[in-house]
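S.K.: Take a look at the letters that make up each chain.
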Amino acid sequence: MRSLFRFLLRNYFVMMFLVLEAISFSLIVSLNNYQRVAFVNSSNDIVGTLYERFSHFDDYFSLSRTNARLAAENASLHKQLEFRIRNQEKYPINRPDTVDAPAYYFASAKVISNSVNKQFNYISLNKGSRQGIRPDMGVISADGVVGVITNVSPNYSTGLSLLNKRLSIPAKINKNNYFGALVWDGEHANTADLKEIPFHIIVNIGDTVVTSGYSSIFPEGIMIGTIKNFDVESGTNFYNIKVELSTNFRTLKYVEVVKNTKQDELKRLESNNVGE
Amino acid sequence: MIKDLGKYVIMFFVLVLVQVLILNNIQFSGLVNPYIYILFILLLPFTIPGYFLLGISFILGITIDIFGNTPGIHAGATVLLGFLRPGIAQLVSSRELIEKGTTPNMTQLGFASFIKYTVISVLIHHLFLFFAEAFSFADFFETLLRWILSSVFSIIIILGSQFIVFKN
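Read top to bottom, the protein sequences are chains L and B.
Just so you know, we're using the numbering used here here: the first sequence kicks off at 1 and counts up by one.
Just so you know, we're using the numbering used here here: the second sequence kicks off at 1001 and counts up by one.
Hints are computed from structural coordinates only; laboratory data are not their basis.
Among the hints, a few may not be true.
The following label-pair restraints were derived from C-beta to C-beta distances [said to hold, decoys possible]:
hint: 1; chain 1: B; residue 1: V1009; chain 2: L; residue 2: A107; range: 37 to 43 Å
hint: 2; chain 1: L; residue 1: F106; chain 2: B; residue 2: I1022; range: 51 to 57 Å
hint: 3; chain 1: L; residue 1: K195; chain 2: B; residue 2: S1161; range: 42 to 48 Å
hint: 4; chain 1: L; residue 1: P135; chain 2: B; residue 2: S1161; range: 38 to 44 Å
hint: 5; chain 1: L; residue 1: L81; chain 2: B; residue 2: V1018; range: 45 to 51 Å
hint: 6; chain 1: B; residue 1: D1139; chain 2: L; residue 2: G206; range: 27 to 33 Å
hint: 7; chain 1: B; residue 1: V1165; chain 2: L; residue 2: Q80; range: 53 to 59 Å
Which chain L residues face chain B? A few, computed with CB under 8 Å, are given here [unchecked claim]:
hint: 8; residue: F17
hint: 9; residue: S24
hint: 10; residue: L27
hint: 11; residue: S30
hint: 12; residue: F54
hint: 13; residue: S115
hint: 14; residue: T158
hint: 15; residue: K175
hint: 16; residue: Y178
hint: 17; residue: Y214
Model, not experiment: these values are computed from the prediction.
The C-beta atom is built at its ideal place from N, Cα and C for all residues, glycine as well.
Start from the sequences and build out the full structure, keeping to the hints where you can.
M.R.: The following block contains the structure:
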């Protein structure tokens, strides 16, 4: 026993190195879990506060661009409203149905940290559990899908950006409703791959790709991007489709968090199916 | 010694802030991510005890990890660098300099030795970092390219910063 201690003491440098590397590796491996180790992520308050301070400062440089984008979104919402109102005049009996209450609510939030240059990119927002943000909520911007929340603290939240190879979003081609999975290609901050589209479908460059609504995270029809190019690998039945993302992740500032009020109900129902 | 301690504490915070607020936001085709915070490990005096060297390496790495949402990757790479640093020091420097407890900066080590010291350290650290991040050899050549390009940029920034600090 004593010689063991003496051995450990004499070689403490190597031992300590091995222990620290073991800790690091266990952290790296736990990164594969969807919910990462709770304390080693930027949703904690100290890091969140620092990032928020810095982003306040950073904001002034993009004020005009942000204004222009908000104005454009406003205009598009006005157009939709106008359309609804006209419909209501035409069909006055069409009253709001209280049974079919809207499933999705949107809460605005600000991006306080965001990366596009890693293989697994994350995004941090300035709202957390106190503002009703929960894990598994979707994040969208005026231009399209942004990501999914994974960790929340009282005042901040972090999540997987769409530019993260671990995130797969159910998507469909808008014109014919054929659905597949959208995964980032890990190469460019503005393209992703749309997989599982069988190759007897006719696709064209420029076709719109939107969320399919088959997950409870995003509502149906949220813009993802347009088809940039496609080809068929020999020996497979599926297209390789490159999608040009509509969201500009390099200048992302304001986003909306999507709350699905019926998510729990749907999850319960679906877990029943798995049990059988 | 107390003066030096204060200097190192300030350097720790400055390097972490520069890394997470500025360099982590560099977006240059996704291939270039310079990491210069390891300058802190490089500049620690040669006589520093081993447990302190490894401990501070781990703390520095995990700090960068917390900001970048990359649990364990930077910690592992920086601890490896801390572990290999005595060996690298012997490789580029003389026994007298090491035993005297010099701070391995550009003026003490000399220009050529400091470049060698930086290049070897950055290459080792970045090699671990990028392959741990990719966590597979699937995109072997792309990861290799990211390793080389990022290392070149890190080395340039580290040497440049040393020129500015020690130009007198």
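S.K.: Hints numbered earlier in the text: which of these fail when held up against the supplied structure?
M.R.: Hints 2, 15, 16 and 17 are the ones this structure does not satisfy, whereas the remaining hints hold.
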